[in-house]
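Novice: Sequence:
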Amino acid sequence: MPRTPIALTADMAVTVRLYSAAPKILLIRRGIEPFKGKLALPGGHVEAGVPDYGVSGGRQITIFSNGDSSVAYAANRELCEETGLSLYTHDHWKKVQLLKLLDGTGRDPRGDARRISAVFHVDLEQEAVVKAADDAAEASFILLNSLLEHEMAFDHWLVIHALQQRWLKMKEIWNAKATGGIPAHECREYINREGQDRTYLVRVVWEDNHAVLWIDNGPGIGHIKTTHCPMCGADLRVAPF
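All letters in the sequence shown, in the order written, are residues 1 to 241 by the working numbering.
It is worth saying that the hints were derived from the structure and are not from the lab. Hints are not guaranteed to be accurate.
[What the hints assert, rightly or not] Here are the simulated lysine to aspartate or glutamate pairs, EDC-like style, with alpha carbons at most 20 Å apart:
#, residue 1, residue 2
1, 38, 155
2, 95, 123
3, 100, 123
4, 36, 151
5, 169, 123
6, 94, 123
7, 36, 138
8, 171, 125
9, 94, 68
10, 36, 112
11, 36, 81
12, 94, 127
13, 38, 151
14, 95, 125
15, 95, 127
16, 38, 135
17, 100, 149
18, 38, 138
19, 38, 149
20, 38, 134
21, 36, 134
Assemble the whole structure, with the sequences as input and the hints as a guide.
Specialist: Below is the structure:
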């Protein structure tokens, strides 16, 4: 029985303030078939490169050159080619994480290969300037929670739905901690002061859409405006739900 070729692809899900009241995601509108006119994550094929042969430890090895150095690199390359956004130049590369593997047997109508996609994710603090190119007819940041399954190409809805579920879960957590409708960030860390270990409770309230930090059990400490928790480093720049 002849084997069907397997093609590896890489997609990048770029969100903006995923855990805020109105998160957005960067999508392209495909300019070519399949799924011409549908929304999709920026992405494409991983370039294998050209095989070079060498010897290591007394045995022959094969090294591929002039291709993508990693699957994540391929996702960023495709992102840059289709939207003009490169995560390398925006110092967000260290935040990129593998989000999902799309490997359904019927996910791509082209019958030349079975395509398996590795989807990566990064969350930005603000929108970046993007411009459609290559396979993309359009590129823009769209409200995550406005998207519906029938609008998406391939099986990219699975990624959108997974991110929507993450948002809903975080909303539940924040609302569970809310007092009078105000989300709270609670952080208990042991801090050494004057030779004694003390536990401080950090509370966050909102004044004019700015996080204001209150520290309980901290003698002589008032409230300060901040963007990150000084104890655990959590980003507090999240608008109330």
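Novice: Against each hint, give a clear statement of whether it holds in the structure.
Specialist: Evaluated hints:
no.: 1; hint: 38 - 155; in the structure: 11 Å, holds
no.: 2; hint: 95 - 123; in the structure: 8 Å, holds
no.: 3; hint: 100 - 123; in the structure: 15 Å, holds
no.: 4; hint: 36 - 151; in the structure: 11 Å, holds
no.: 5; hint: 169 - 123; in the structure: 17 Å, holds
no.: 6; hint: 94 - 123; in the structure: 11 Å, holds
no.: 7; hint: 36 - 138; in the structure: 11 Å, holds
no.: 8; hint: 171 - 125; in the structure: 18 Å, holds
no.: 9; hint: 94 - 68; in the structure: 18 Å, holds
no.: 10; hint: 36 - 112; in the structure: 18 Å, holds
no.: 11; hint: 36 - 81; in the structure: 18 Å, holds
no.: 12; hint: 94 - 127; in the structure: 18 Å, holds
no.: 13; hint: 38 - 151; in the structure: 6 Å, holds
no.: 14; hint: 95 - 125; in the structure: 12 Å, holds
no.: 15; hint: 95 - 127; in the structure: 16 Å, holds
no.: 16; hint: 38 - 135; in the structure: 12 Å, holds
no.: 17; hint: 100 - 149; in the structure: 17 Å, holds
no.: 18; hint: 38 - 138; in the structure: 10 Å, holds
no.: 19; hint: 38 - 149; in the structure: 11 Å, holds
no.: 20; hint: 38 - 134; in the structure: 15 Å, holds
no.: 21; hint: 36 - 134; in the structure: 13 Å, holds
Violated hints: none; the structure is consistent with every hint.
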